[in-house]
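Student: Generate the whole structure from the sequences, applying the supplied hints.
These protein sequence lines are chains A and B, in that order. According to this note's numbering, the first sequence is numbered sequentially starting from 1. According to this note's numbering, the second sequence is numbered sequentially starting from 1001.
It should be emphasised that the hints constitute simulated quantities derived from the structure, not laboratory data. Do not rely on the hints blindly, as some may be mistaken.
Quick list of in silico lysine to aspartate or glutamate cross-link-like pairs, EDC-like style, CA-CA up to 20 Å [stated by the list, open to error]:
no., chain 1, residue 1, chain 2, residue 2
1, B, Lys1003, B, Asp1184
2, A, Lys77, A, Glu39
3, B, Lys1058, B, Glu1136
4, B, Lys1309, A, Glu283
5, B, Lys1008, B, Glu1176
6, A, Lys22, B, Asp1255
7, A, Lys46, B, Asp1076
8, B, Lys1003, B, Glu1176
9, A, Lys22, B, Glu1265
10, B, Lys1149, B, Glu1170
11, B, Lys1276, A, Glu283
12, A, Lys212, A, Glu180
13, A, Lys225, B, Glu1285
14, A, Lys22, B, Asp1073
15, B, Lys1072, A, Asp43
16, B, Lys1008, B, Asp1041
17, A, Lys159, B, Asp1184
Listed here are the chains, written in short residue letters.
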Amino acid sequence: MAKTVEIKHGAADGRSLFMPMKARIVRTAQFTALEKFFEIELDGGKDLGHKPGQFVEVSIFGVGEAPISISSSPTKKGSFDICARNVGSFTGVLHGLNAGATLGIRGPFGNGFDIDKFLGKDVLFVGGGLGIIPLRSLINYVIDNRKKFGRVVILYGTKSSKDILFKDEIAQWEKDAGIEFLMTIDKYEDGWAGNVGVITTLFKKFEVDPHKTAAAVVGPPIMYKYVLAELLMKKLSEDSIFFSLERRMKCGVGKCGHCQINQVYCCLDGPVFSYKQLRFLPEWM
Amino acid sequence: MMKKVLQKRDLVKLFDTMKAAGKLYGLASEDGRYLFKEVNDLLEPGCDYWQTILPPKKYFLPQIETLLSYRKDGWDANQPAFDRTKFVVWGIRPCDIHAVNLLDRIFEADNPDSHYLTRRKNAMIVGFTCQTPCDERAFCADIGTLDVKTGFDFLLTDIGDRYLVMVGTEAAEKIEQKLPAFADAAPADEKKLGDVAAARVKAFAKRLKTAVEELPLLFKGSANNPLWEAEGKRCLGCGSCNLVCPTCYCFDVQDKNEVNLAGGERVRKWDGCMLKDFTRVAGGEVFRHSKAGRLKHRWHRKFDYLMTKWGQSNCVGCGRCGRACLVNINPIDIVNGLAGKS
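Tutor: Next up, the structure:
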């Protein structure tokens, strides 16, 4: 089932799969108390050449390496974006870095979203919490190629209004007449006029044409079961529902074993899987 | 493949020639157990020893190896590290040669891993055919790893007064040509080889109640078998089985700083899927929580996932995991338990 991934470095004799490319942080933004955004440029302005939904291994020598989703669309050239929550030793050090700092990058890795499965269709995005970060790579791709896609519905849920990422971009999505953007927060807060409740509460607010809709879902594992039920109730077919899965993709090249889900490697065969595929991977949820 | 014969008294000549070809790792017995270590003298010929504690995997995929070195003050000083030391592993059993062959395919496929492949290219393997089983834990005869056709430079079989030697590589042919002790194998020698193989059949009793080619189906259908929960309850989650397995190759990558923090090395270390932290991601989520789930995963890798992918069992039947397990969880009982026959 594993497919050969084209590696832009390493592989050949005398070169290492594990040697990162030199890159530089060109811009950062502290989105929330825990989440920081990084715009990264490869040495010499080389293009990363990624697909929406892929990930990179980010290296800080002396600290280590971690798999992080690419947040920008490939339609944006010259640099790419990542956004990380400060939750561990690696992201703790990453958060201390600012514009001008050097990083190592390996990748892009993984399959990414299969654009062909979305072309010409209505696209439903479901992002929970940090899930909006990888989802944004596909959202912006769709916006930049707007005519090639039908109706666009974006659902985004966070714990509280403080946790909302990409606020400036969201303001634009909301203004865009071609995008239906629905936001929710888990618990009521003073001054919040929008929807309150988990993300599934948004599913009552819109209808879809199941024959021409493809859904891209990224969020915490707990969300998937409930969102899947909603999507199936809206009669979406199993091969038009796509989930991006989080696993410990330590090497990114299908060797280290950490990201295995039953018979597949998340880093080679995923991280994006259709529900049709996931039905044969009981370990996915 | 070229077949030669070597008088038993001349084995030391081959040993000394191989020693000249590179660092030689051979067999040593310590405290009643065998292990591979660097040796200078031929003390243990290489046949009929109890299986070593650790497999020879440690020379191809070391417990810790440097992948690259880095300097904090200069990106261009960061260099990949490749171990080009020439070495010989003497005395490998066929099951372990099968295991090395499996690792070769895995590290070559998808994305070739030049750290492993460089080391492998500089290695020579001298194997010995088994005449008697190590113990009741071994089930090589069931898996089909009692004999081996590729993956060695020399493979020696005791045919009585001498060894019949299979010469498996061009590098080995060159060595053979320079060593006058080798003589061409006569038809009588080849007949003896067949006799030896036939004679040991009884000794290598079959232990699995399922044919090897049916193992993937057996495991695919085992998802809800209560055996996993039962074995999971006994399992200590210590990862010893991963550690001693000749085909377990999962690894972690870590940075090791020099004490002055000016630079360091990025290293690859063995890791084990039986350890709880194996699937832990940032934020603390663990994707394979229960020991039952981890056991199920490990054995599905050997007999279903990787077996289906490569068309070959990824367990070579060496029996090391069963010997190492403190609570006696072993593949023979797992397979027979799932098959409902024990």
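Student: Output the indices of the hints that this structure fails to meet, ascending.
Tutor: 3 and 17
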